[in-house]
Amino acid sequence: MNVVRAWIEERLGLRAVTAFLEKKEVPRHKHTFLYYTGSSILLFLGIQIFTGVLLAFYYQPTLAEANASVVRIMTEMPLGWLVRSVHSWSATFMIALVFVHLLGIAFTKAYRKPREATWLTGVLLMGLSLAFGFTGYLLPWDELSLAATKVGTNLPKALPVIGTWLTQVMRAGEDVTGDTLSRFFTVHVSVLPLAVLAILGMHLFLVQRHGMSVPLEEERRKVKGPVLPFWPNFAFREAGVWLVLLGLLLTIAVLSAPGIGPQADLMAPAPEGIQPEWYFLFMFQTLKLFPARVLGLNGELVAVLIMMAGMAALLLLPFIDNRPFERKGKVITLLAWAGLAYALGMSIWSLL
Amino acid sequence: MKLPSSLFSRRAFLNGLIGGWLAALGAAFIGPLLKYIVPPTREPDQVSVPLEEFKDLAPHTVKGFSWGNKPGLLKKTEEGEYIAFVGVCTHLDCNVAFVAEQRRFYCACHEGWYDENGLNVAGPPPAPLRRLAVSIEGDALIIKKRV
Amino acid sequence: MNGRRRVMATVGILALGSLLAAGVLEARVQEATQPSVKPGPAAAPGQETSAAPRPAKERMAVYVLLAWVWFSIAVLLGVLRMRVREADRVHRMGLSRAAGKAPKGPGH
Chain A
1 MNVVRAWIEE RLGLRAVTAF LEKKEVPRHK HTFLYYTGSS ILLFLGIQIF TGVLLAFYYQ
61 PTLAEANASV VRIMTEMPLG WLVRSVHSWS ATFMIALVFV HLLGIAFTKA YRKPREATWL
121 TGVLLMGLSL AFGFTGYLLP WDELSLAATK VGTNLPKALP VIGTWLTQVM RAGEDVTGDT
181 LSRFFTVHVS VLPLAVLAIL GMHLFLVQRH GMSVPLEEER RKVKGPVLPF WPNFAFREAG
241 VWLVLLGLLL TIAVLSAPGI GPQADLMAPA PEGIQPEWYF LFMFQTLKLF PARVLGLNGE
301 LVAVLIMMAG MAALLLLPFI DNRPFERKGK VITLLAWAGL AYALGMSIWS LL
Chain B
1 MKLPSSLFSR RAFLNGLIGG WLAALGAAFI GPLLKYIVPP TREPDQVSVP LEEFKDLAPH
61 TVKGFSWGNK PGLLKKTEEG EYIAFVGVCT HLDCNVAFVA EQRRFYCACH EGWYDENGLN
121 VAGPPPAPLR RLAVSIEGDA LIIKKRV
Chain C
1 MNGRRRVMAT VGILALGSLL AAGVLEARVQ EATQPSVKPG PAAAPGQETS AAPRPAKERM
61 AVYVLLAWVW FSIAVLLGVL RMRVREADRV HRMGLSRAAG KAPKGPGH
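Chains as they are written, first to last, in the working numbering: chain A, 1 to 352; chain B, 1 to 147; chain C, 1 to 108.
Bear in mind the hints are in silico, worked out from the structure with no lab data behind them.
We treat Cβ as the ideally placed atom computed from N, Cα and C, and that holds for glycine.
Mixed in with the good hints there might be a few duds.
Only pairs whose alpha carbons sit at most 27 angstroms apart, straight line, appear in this in silico DSS-like list of lysine-lysine [to be verified]: (1) C:Lys101 to A:Lys222; (2) A:Lys23 to C:Lys57; (3) C:Lys57 to B:Lys35; (4) A:Lys224 to C:Lys57.
Partial chain B-side listing against chain A, Cβ under 7 angstroms, derived [unchecked claim]: (5) Phe29; (6) Lys35; (7) Gly68.
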């Protein structure tokens, strides 16, 4: 065994990586539990890739076969329904954790200098995760997913100049068709995974480069606070967290497996009760509430612009909140709480 | 029997236990995973074709039918009996064709030849064409796997 | 190995073995249910295929698998806790900090 290890070490020189992991320290304070959120997202991403590949073994991304192939996976393939259920629930877990991770970083102001780039890549990753959810939702090609996609791809139309073109890029034409399905499938299994891997690499590199951020009170202390070595102390704790998360995922996947509706009919009227996935509910509700015209402008345009402004504010938060622990920072924290309350409130309202 | 000192450290023991148990947990999933990756075989146990279509088959001619995902070949003998083959070459799985003038089956992939009873006579095929059992039930021909 | 550890090891091996057996049995159940018609809601075209139609025998096997998963997670959490306590104990001893201060042997 040691011979093999020596052989690998001579050629790959991984000693540098393991030495770094042994030296890496994780600060201990009352917010240490937040450090688990990032790696947990990675766990679920891994599960998505694994179950996604398994699903792609039998899924057929064409207009005629998509729905039927999913039904086949669920009824004919051994435990196919479980593979699909895990994939679906793991998406929810992952995006929920992305939000928790984002909130943890935002409220502890961990995006402050020098970690602005880490924040930027992180927000990009959140966008990519939501894109994964949006493109994946169409693939079963049932009534609900077709309707949700029609609504979702209609949104860019509100933008001036590029809006219609953008919608046509997403839909591969004017309308949602079989070409849209192929496009969404390719984006879901090739484009987004490659993009996520590239940006995740940057994000992880930056995190290791700057080390774990600590709350300001810790930073201001003269004496260095207590730490845990990453390996093995923190890593084994993390393994425990992962195991519990896996157990929860498997349990809910077994007890609450998703079904599939009848095949989408491009000519049929929209079904009752269309809804996007939960992470888009607050946007969905906001759009529903906006009046048709606001101050003489198209209501939908105003809504889309406001949403884009919100996303920009989120992206540029480290530069907006550049004095996070003074009064400016406290105001922005309050606004963040308000934003969160809005998102939660809107989501719950849309379900009533 | 009590040893004067431990054979291995507490750390190594615990590491081993963790690794071993994780492996066992994973192993519980390997069986179902393999079943999923290799789907259940789709070759049917039997196939039924209407007798009408094959009633007027002349001897030494061949007509095709569907044997699951593979081509089946039905032939009538001089005595009027039906014989059926799975029309797949026993060499490397290419589909074979019946050459009526020669009364032989031909596989174009590597120029394999079978006589009209399915026996491999020339080229690389190592075994005769697989036979299937044919029986007549009412107005249908039942073609089954040979036991 | 003292008595307590021996007991732990025996229990561990027994549980490991049964976990493997459960997995093998599960796989066999999957195979057995394939050729037969699945007793579950059959989807008429145009009707909704309800959530995860699956045969009754398979359902039992999956619940068994779930129970085993939780059991082994509990065991693993126990062992991990031991390992973490070991790692924390070693860290508190300060071996890594002491490594730099250790005097070099003769000949250096």
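Okay, the hints, checked on the actual structure:
Proposed proximity of C:Lys101 and A:Lys222 is supported: the alpha carbons are some 24 angstroms apart, at most 27 angstroms. Proposed proximity of A:Lys23 and C:Lys57 is contradicted: the alpha carbons are some 51 angstroms apart, above 27 angstroms. A C-alpha spacing of about 16 angstroms is found between C:Lys57 and B:Lys35, which places the hinted pair at or below 27 angstroms, so the restraint holds. Under the criterion of a C-alpha separation no larger than 27 angstroms, the hint pairing A:Lys224 with C:Lys57 is inconsistent with the structure, at around 59 angstroms.
Given hint, B:Phe29 at the interface with chain A, is violated; its Cβ is 9 angstroms from that chain's nearest Cβ, farther than 7 angstroms. Taken as an interface hint, B:Lys35 checks out: its beta carbon lies about 4 angstroms from the nearest beta carbon of chain A, inside 7 angstroms. Using the Cβ-Cβ criterion of 7 angstroms, the hint placing B:Gly68 at the interface with chain A is not satisfied: the shortest such distance is roughly 14 angstroms.
Of the numbered hints listed earlier, those contradicted by the structure are 2, 4, 5, 7.
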